[in-house]
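In order, the protein sequence lines correspond to chains A and B.
Residues in the first sequence are numbered from 1 upward in steps of one, following the working numbering.
Residues in the second sequence are numbered from 148 upward in steps of one, following the working numbering.
Heads up, a few of these hints could be off.
[Unchecked claim] Residues on chain A that point at chain B, a partial pick, calculated with CB under 10 Å:
#  : residue
1  : ILE36
2  : SER41
3  : LYS68
4  : ASP85
5  : SER89
6  : LYS91
7  : GLY132
8  : GLY133
9  : GLY136
10 : GLN140
11 : TYR142
The set of hints was computed from the structure by calculation and includes no laboratory data.
Quantities reported herein were computed from a predicted structural model and do not represent experimental measurements.
Think of the CB as a built atom: it goes at the ideal place given N, C-alpha and C, for glycine as much as any other residue.
Next come the chains, spelled out residue by residue.
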Amino acid sequence: MRKLILAISMLAFAGSAAFADPVADRQALMKERGKIAAGLSKVVKGETPYDAASVLTALQALQANAEKFHAGVDALFPAGSDIGDTTASPKIWQDMAGFKTAEGKYLADVKAAVAAAPADADALKAQFNTIGGGCGNCHQSYRVKKG
Amino acid sequence: MPLLKKLVGAALVLGGVAAIAGWFLSAPVRLGAATLAQLGPGDADRGKRIFYAGGCTSCHAKPGSQGDARLQLVGGLELKTPFGTFVPPNISQDTKDGIGAWSVEDFANAMLKGVSPSGEHLYPAFPYISYARMKPADIADLYAFLKTLPAVAGKAPANSLGFPFNVRRGLGLWKLLYLSDKPVVSFPEGTPQPVQAGRYLVEGPGHCGECHTPRDLTGGTRKSQWLAGAAAAEGSGIVPNITSGEGGIADWSEADIANYLETGFTPDFDTVGGAMVDVQRNMAVLTREDRAAIAAYLKAVPPHPNGYPARKKPAS
Chain A
1 MRKLILAISM LAFAGSAAFA DPVADRQALM KERGKIAAGL SKVVKGETPY
51 DAASVLTALQ ALQANAEKFH AGVDALFPAG SDIGDTTASP KIWQDMAGFK
101 TAEGKYLADV KAAVAAAPAD ADALKAQFNT IGGGCGNCHQ SYRVKKG
Chain B
148 MPLLKKLVGA ALVLGGVAAI AGWFLSAPVR LGAATLAQLG PGDADRGKRI
198 FYAGGCTSCH AKPGSQGDAR LQLVGGLELK TPFGTFVPPN ISQDTKDGIG
248 AWSVEDFANA MLKGVSPSGE HLYPAFPYIS YARMKPADIA DLYAFLKTLP
298 AVAGKAPANS LGFPFNVRRG LGLWKLLYLS DKPVVSFPEG TPQPVQAGRY
348 LVEGPGHCGE CHTPRDLTGG TRKSQWLAGA AAAEGSGIVP NITSGEGGIA
398 DWSEADIANY LETGFTPDFD TVGGAMVDVQ RNMAVLTRED RAAIAAYLKA
448 VPPHPNGYPA RKKPAS
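Go ahead and model the full structure; you've got the sequences and the hints to work with.
Spelled out as structure tokens, the structure:
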């Protein structure tokens, strides 16, 4: 469990380092998000025993990540950054308001999970499903798979 | 020039024969009595599984619907393809705008033969090429389940297709090429039951091959590249290779595939995206056994390298 916390702290640190490249920057945030979600998913599935402190730490890391994304969304997705090595859909720029609503809702869901810290794996599961649904909602419209 | 006259005459006769033959060959073909007899009484509870396996609501719910609104099958989504724009119709129980007045035989002819109650060919954007592999009893179950869903008034807009795709009759010839109730992948005898159950779900109701398999010039799926991934029919993206060939899912275990279908998370904790989001949410409603069967089948199909061209590197 200490390892998990350490890994998350290191990831959070890596995520805070400034990149000059918005595509690399946003991809790093997404990768970090996925790693934290992977750790939580293990708890939901019962592969890692439930531990309130480490779950809360993970959720807080998820919140810090979402806040970084939220605060930097304009810098992370500047006009013209839909080309190159990115799977960001042109729809982001066609519908920036919708994109921001989706990413704002994700942040709100994560914050709600931190505020109502889950007491057991079942409570975490419900929150995790809401948060995970947000991943799908956004990727449904705003990401495009490329070969 | 008697010879020329003769030639012209022969050409006219041949052309006439071809036209008449084409007319007969392109005629809509309905199900025979033997198949209709297998429909049975239908069971709504069992039909619910087929409804989610088939993903009906992904195309027939009003675009953007959430929750229970996804059971209002009013149509209206726009599928923008190279052939034109297809608009899935209202298949709610409304007797005027939906299919509330259809008999189970009407429904079976649409699902298994792509023929409407009035005897017209349906466009294969409605994936009856896949549904044709379904068991008649499952069709009757699905019909019974649809009967439990609400009637919603309102016609969806018409398709918007250019010539020659707007000539429905032409689909008759196309069906001769592609419509078959035979499985795509043949397995040797003694193949484990889950693989066979998965084949039915994937090749039949699940209609996975419709997006995950590249198409030939006339719009049929290339069986030699079955599930190898393809350029998306809509937009500029790709639909991934779900065989174990290069670029595919060789490094996913069966448990990884089943987990993805249940939760939307890939093994490296990326998430489901695009049109697959709705599909995955439907798959999550299925039983664990059904998802495991789909996974078992996908690990058993012949591996192919990616069925879409490699991504162009951006010019620097």
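The hints, checked one at a time:
no. : hint   : result
1   : ILE36  : 9 Å, holds
2   : SER41  : 6 Å, holds
3   : LYS68  : 18 Å, violated
4   : ASP85  : 7 Å, holds
5   : SER89  : 8 Å, holds
6   : LYS91  : 9 Å, holds
7   : GLY132 : 6 Å, holds
8   : GLY133 : 8 Å, holds
9   : GLY136 : 5 Å, holds
10  : GLN140 : 4 Å, holds
11  : TYR142 : 8 Å, holds
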